[in-house]
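Trainee: Okay, here's what each chain looks like letter by letter:
Number of protein chains: 2
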Amino acid sequence: MKDRKLLMIPGPIEFTPEVLRAMGMPTTSHVAPNFIEVFGQALERLRQVFLCPSGQPFVIAGSGTLAMDIAAANLIEPGDKALVVNTGYFSNRFADILERYGATVTQVHAPAVGDVPALEEVEAVLKEGGPSTGSGHGYKLMTITHVDTSTAVGVDVRGLAALGREHDVLVVVDGVCSVAGEEMRQEEWGIDLALTASQKAIGVPPGLALVVAGPRATDAFRNRKTPVPNFYADWTRWLPIMEGYEARQPRYFGTPPVNLIWALNVSLGQILDEGMETRFARHRRLSEAFKAAVTALGMKQVPVSPDKTATTLTAPYYPDGVDRAVLAHIKKSGVILAGGLHPAIKARYFRIGHMGVVSASDILATVGAIEKGLAQVGYKFKAGTGLAAAQAVLTT
Amino acid sequence: MKDRKLLMIPGPIEFTPEVLRAMGMPTTSHVAPNFIEVFGQALERLRQVFLCPSGQPFVIAGSGTLAMDIAAANLIEPGDKALVVNTGYFSNRFADILERYGATVTQVHAPAVGDVPALEEVEAVLKEGGPSTGSGHGYKLMTITHVDTSTAVGVDVRGLAALGREHDVLVVVDGVCSVAGEEMRQEEWGIDLALTASQKAIGVPPGLALVVAGPRATDAFRNRKTPVPNFYADWTRWLPIMEGYEARQPRYFGTPPVNLIWALNVSLGQILDEGMETRFARHRRLSEAFKAAVTALGMKQVPVSPDKTATTLTAPYYPDGVDRAVLAHIKKSGVILAGGLHPAIKARYFRIGHMGVVSASDILATVGAIEKGLAQVGYKFKAGTGLAAAQAVLTT
Chain F
23 MKDRKLLMIP
33 GPIEFTPEVL
43 RAMGMPTTSH
53 VAPNFIEVFG
63 QALERLRQVF
73 LCPSGQPFVI
83 AGSGTLAMDI
93 AAANLIEPGD
103 KALVVNTGYF
113 SNRFADILER
123 YGATVTQVHA
133 PAVGDVPALE
143 EVEAVLKEGG
153 PSTGSGHGYK
163 LMTITHVDTS
173 TAVGVDVRGL
183 AALGREHDVL
193 VVVDGVCSVA
203 GEEMRQEEWG
213 IDLALTASQK
223 AIGVPPGLAL
233 VVAGPRATDA
243 FRNRKTPVPN
253 FYADWTRWLP
263 IMEGYEARQP
273 RYFGTPPVNL
283 IWALNVSLGQ
293 ILDEGMETRF
303 ARHRRLSEAF
313 KAAVTALGMK
323 QVPVSPDKTA
333 TTLTAPYYPD
343 GVDRAVLAHI
353 KKSGVILAGG
363 LHPAIKARYF
373 RIGHMGVVSA
383 SDILATVGAI
393 EKGLAQVGYK
403 FKAGTGLAAA
413 QAVLTT
Chain Z
23 MKDRKLLMIP
33 GPIEFTPEVL
43 RAMGMPTTSH
53 VAPNFIEVFG
63 QALERLRQVF
73 LCPSGQPFVI
83 AGSGTLAMDI
93 AAANLIEPGD
103 KALVVNTGYF
113 SNRFADILER
123 YGATVTQVHA
133 PAVGDVPALE
143 EVEAVLKEGG
153 PSTGSGHGYK
163 LMTITHVDTS
173 TAVGVDVRGL
183 AALGREHDVL
193 VVVDGVCSVA
203 GEEMRQEEWG
213 IDLALTASQK
223 AIGVPPGLAL
233 VVAGPRATDA
243 FRNRKTPVPN
253 FYADWTRWLP
263 IMEGYEARQP
273 RYFGTPPVNL
283 IWALNVSLGQ
293 ILDEGMETRF
303 ARHRRLSEAF
313 KAAVTALGMK
323 QVPVSPDKTA
333 TTLTAPYYPD
343 GVDRAVLAHI
353 KKSGVILAGG
363 LHPAIKARYF
373 RIGHMGVVSA
383 SDILATVGAI
393 EKGLAQVGYK
403 FKAGTGLAAA
413 QAVLTT
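Each protein sequence line maps, in turn, to chains F and Z. If you're matching positions, the first sequence starts at 23 in this note's numbering and goes up one per residue. If you're matching positions, the second sequence starts at 23 in this note's numbering and goes up one per residue.
It is possible that some hints are incorrect.
No copy labels: a pair is met if it fits in one copy or bridges any two.
Said to hold, decoys possible - Below, computed lysine to any residue pairings styled on SDA-like, alpha-carbon distance capped at 25 Å:
id	residue 1	residue 2
1	K322	Y111
2	K27	M47
3	K353	R273
4	K354	A405
5	K354	P48
6	K247	G101
7	K322	D190
8	K247	P75
9	K394	V53
10	K247	S383
11	K354	P272
12	K330	A314
13	K354	V53
14	K368	D190
Note that these hints are calculated values from the structure, not bench results.
Between the sequences and the hints, there should be enough to build the whole structure, so can you do that?
Mentor: So this is what it looks like as structure tokens:
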């Protein structure tokens, strides 16, 4: 029924045969001893993948948006001030969610699509907001979209998190398009809560919201004066479940998504077998190769400079005279790419995800399909230019 | 890794090979034409399985508790009065959820564990509450737990829904342990919203919250005066998505749980191939056979009478001198059953789910394993008594 093509969109990505096998295994009881062990192990491994030894992991059935909802619903109380470092579509969403739970949101916007807000500007706003403790006039938390899936813009999470820490603000990172691909060191960088979804660099089909909360985040939750206004997202219910399974004791709140958790544990094992440092390096290298090809083919990218660009995806503008019709040609050559998503420039660019188990051959196959597609729509370039540029990086 | 046994718990249940195959297929893009078709078809089929031609289906990544949360968050506004027809554990949960969203909850409790509230009592409370329109002093909605998974108590949804309609109250049915197994005719019976989770009689691994809302429910949502206080559950976001996919046009809010939706569509197809009437009859017949075996083996059931008992599961009390240790013996014979869940009687009973693709052979295998387990813990009975009683029903 499914026609198999290479799926190079920013999620769902390609998954390993072992992960898909776990998805299709007969479902165990959620209190079966072998499942309890798998769930417990997955929680431990999540902590390692997020590089957050002191963190509390949460694995809950839902999408990445649920993970954002969980962060906001548990950490925000009506009247709290929140700062959104805004780099696009998903930063806007976080602002919406924070407001839903009663936060007064201040946003620091990037000066242009493809750019990031300056650290100095964020710092100025934080200073103006004053300390969050004491007078109560400061920001309680700030959100950072590590990689904006709509534009491939990547921000300096390390620098922003340091600013947050300096001003005693809870640092929340939307790592949906980054965790387990982009370099992110939750504990070392002072990130209080990081979140992602299963179908991105974590390498598991969609359906899991993944959150790791550091001690300052769980403390802020414990010190709430009002109940969490969202039942399903409430850590009051989920904390005992996660602690229970990690202690290899089943607890019941909602039936866990058994097959997805089996698959998650397999994928986290594969990620840790590769090692986080090797994995970060591989993503950087493949991204560099792909971006070199894009440049060689005469395409500009949405992010304004290489240091503001994700390594998990690339967002090239179509060259002059080319539009999204080229994507259908590329698909005929066996590679599925994604169109633009950012409303302001939607029709002018496309997106390629290269994260998770992506390999050098996938990069070359994708560049090859793009070259073929561009040729088919009449774009003039020397065939093989993109491939040569990618290969030059891949062979160094 | 998994040791295969027959899983006869009240969810997750046994799934068909075709459903498991869909789970393990390479993940398509959530905007791929073949996935759009599958999602659209699943929504149409859901309407048929719920027997609600005028309903609006929602398929969202999450557990059954999320489905309950979705119902309450979208239909309740602070100050609304809600009536909970309480038959146990999951009715208590619905009361908690309704209160979380600001409802004033009145509960009509069953007179005892295993019993159901009398229709007359529910009617008296509804009358006392007055009409929900006009003065505003009446109940806005009532919740009914069709089958309480903790006790196997099944209520007269048809009678209760009629009362609700008579008093202009929105009728919400928690069908987690009933939909696609227990007879439920959403539209004909006047149920305004019915919900379930994928891992029960719907026959798909856990991870999907399934809701079908009738026109009165979506109208009540559209007439809200306050925003839905839960971002992830908000129909404002999900309605365009569901309408879009059903019109075979992809829309984006959160990434849909692609593999689970492929599996859902396969299972709904299998359910409709069997036909709802045949399926209801099969569940009644297998339940009758299993309950006959339980009785023949000298075990009483938690539900006080056959007309207050689910057909999707059975909850027998252990016979004198037997306790939950027998479950381990039964498991050694290849069948996994569930322990008690209702706090008041937890240690005194156990639970057997028999829904979805369950067959006569599964029933016999389960009775056989129970007989063996009972013999191993020293319970005195004539071997084969249970099997004979079940077979007598199965061969009529």
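Trainee: Against each hint, give a clear statement of whether it holds in the structure.
Mentor: Status of the hints after comparison with the structure:
| no. | hint | result |
| --- | --- | --- |
| 1 | K322 <-> Y111 | within (20 Å within a copy, 59 Å between copies) |
| 2 | K27 <-> M47 | both (24 Å within a copy, 13 Å between copies) |
| 3 | K353 <-> R273 | between (46 Å within a copy, 20 Å between copies) |
| 4 | K354 <-> A405 | within (18 Å within a copy, 65 Å between copies) |
| 5 | K354 <-> P48 | between (35 Å within a copy, 18 Å between copies) |
| 6 | K247 <-> G101 | both (12 Å within a copy, 21 Å between copies) |
| 7 | K322 <-> D190 | neither (39 Å within a copy, 61 Å between copies) |
| 8 | K247 <-> P75 | neither (28 Å within a copy, 45 Å between copies) |
| 9 | K394 <-> V53 | between (52 Å within a copy, 23 Å between copies) |
| 10 | K247 <-> S383 | neither (54 Å within a copy, 55 Å between copies) |
| 11 | K354 <-> P272 | between (48 Å within a copy, 20 Å between copies) |
| 12 | K330 <-> A314 | within (15 Å within a copy, 69 Å between copies) |
| 13 | K354 <-> V53 | between (46 Å within a copy, 16 Å between copies) |
| 14 | K368 <-> D190 | neither (37 Å within a copy, 47 Å between copies) |
Hint compliance for this structure: hints 7, 8, 10, 14 are not met, and every other hint is.
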